[in-house]
Amino acid sequence: MREFLGLDEEDFSSLAPTSVSGAGITMARKVGAAVALVPPTSIPIVPGWAAHNDTGVSNGPEYALPHCMMVDSSGRRFCDDSYWVGIVRGALAPGDRHLPFYLIWDEQHHLKYGLGLTPPGGDYPSDIVRSAPTLEALGDLLGINGEALSATAARFNEGAREGLDPEFGRGTVRFVQRFCGDPAHHPSPVLGPIDTAPFYGTRLKFVGTGIGSSGLHADGQGRVLDEAGRPIVGLYAVGSVAALTAMGSGYNSGFALSRGLTVARFVAAELSGSQQEQGQSCARTN
7 MREFLGLDEE DFSSLAPTSV SGAGITMARK VGAAVALVPP TSIPIVPGWA
57 AHNDTGVSNG PEYALPHCMM VDSSGRRFCD DSYWVGIVRG ALAPGDRHLP
107 FYLIWDEQHH LKYGLGLTPP GGDYPSDIVR SAPTLEALGD LLGINGEALS
157 ATAARFNEGA REGLDPEFGR GTVRFVQRFC GDPAHHPSPV LGPIDTAPFY
207 GTRLKFVGTG IGSSGLHADG QGRVLDEAGR PIVGLYAVGS VAALTAMGSG
257 YNSGFALSRG LTVARFVAAE LSGSQQEQGQ SCARTN
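By this note's numbering, the letter at position 225 of the sequence shown is numbered 231, and the numbering carries on one by one without gaps.
In case anyone wonders, no lab produced these hints; they're calculated from the structure. Some clues are possibly wrong.
Said to hold, decoys possible - Once the Cα atoms are required to be at most 20 Å apart in a straight line, the calculated SDA-like pairs of lysine to any residue come out as:
(1) 36 with 225
(2) 118 with 189
(3) 118 with 163
(4) 118 with 193
(5) 118 with 66
(6) 118 with 184
(7) 118 with 183
(8) 36 with 236
(9) 118 with 190
(10) 36 with 237
(11) 118 with 202
(12) 118 with 135
(13) 118 with 185
Construct the complete structure from the given sequences, taking the supplied hints into account.
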């Protein structure tokens, strides 16, 4: 995680099966394979939070719903906190990172939407979500500057009541409006004031979707390359073990599958052709 993303364990988790350990990359590097790294601001990760489930982490659209915002430990916002692309780029901007970061919401959000496995109005796990009667007190519980947090919420609320976010443009991305917000909330499906006690907060982390971006450097035929860009004889990589070097980066869920299937076909054809040539050579020798 640190080498590929520059993130520590407390700031990153994954939805991939625990059996996905990177063993293929480790083995290939032992024979000289090169690794291609994709910047963390361009890979398919999303904000999430700790959860009592099999992966220990959860993610969902709750951060894009009204009556919530994200802040860093200074108590200030740093991005359009309704859109995962803006969150990743804002939190991991080179030279200006905002880690750790937190989701802050109020009782309105709690009663309407809940969080993860907690239904609307349900009891949050006390070891994951902290609660306080004021934003200043909540900041103290989370290790955030409480005075700054309260001031941030006051500025946020001024625009949110009108469905506006002049500072970061929360609610302006049409995809988020349509698919992530609350269509019954007006004037914006994404914005609402954070002004009803008690207040809640949890530390967030980035969650990998199981779709690799960084990985072994392979060419278009699936041949793994060494540090000089030369194919390593007999070594191939397809699917998530190979880096996304043949296209732009981003949330490429369907492309991850088609890429693996297509390159695997190239590799299979080359391997079967080599075996056929070897068989023909042996037949001629005999």
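Against the structure, the hints:
1. For the hint linking residue 36 to residue 225, the alpha-carbon distance of about 19 Å falls within 20 Å, and the restraint holds.
2. At roughly 13 Å between alpha-carbon atoms, residue 118 and residue 189 fall within 20 Å of each other, so this suggested pair holds.
3. Of the supplied pair hints, the one linking residue 118 and residue 163 holds, its CA atoms being roughly 18 Å apart against a limit of 20 Å.
4. This hinted pair checks out: residue 118 and residue 193 have alpha carbons roughly 16 Å apart, not beyond 20 Å.
5. Among the hinted pairs, residue 118 with residue 66 is consistent with the structure: their alpha-carbon atoms are about 15 Å apart, no more than 20 Å.
6. Of the pairs offered as hints, the one joining residue 118 and residue 184 holds, with about 18 Å between alpha carbons and a cut-off of 20 Å not exceeded.
7. Only pairs whose Cα atoms come within 20 Å are accepted, and residue 118 paired with residue 183 is accepted, the gap being roughly 17 Å.
8. At roughly 16 Å between alpha-carbon atoms, residue 36 and residue 236 fall within 20 Å of each other, so this suggested pair holds.
9. Between the alpha carbons of residue 118 and residue 190 the distance comes to roughly 11 Å, so the proposed pair stays at or under 20 Å and holds.
10. For the suggested pair residue 36 and residue 237, the alpha carbons sit about 15 Å apart, so the restraint of at most 20 Å is met.
11. A threshold of 20 Å between alpha carbons decides the hint, and for residue 118 with residue 202 the separation of about 13 Å falls inside it, so the pair holds.
12. At roughly 17 Å between alpha-carbon atoms, residue 118 and residue 135 fall within 20 Å of each other, so this suggested pair holds.
13. Restraint check: the Cα-Cα separation between residue 118 and residue 185 comes to about 17 Å, which is no more than 20 Å; the hinted pair holds.
Violated hints for the displayed structure: none, as all numbered hints are satisfied.
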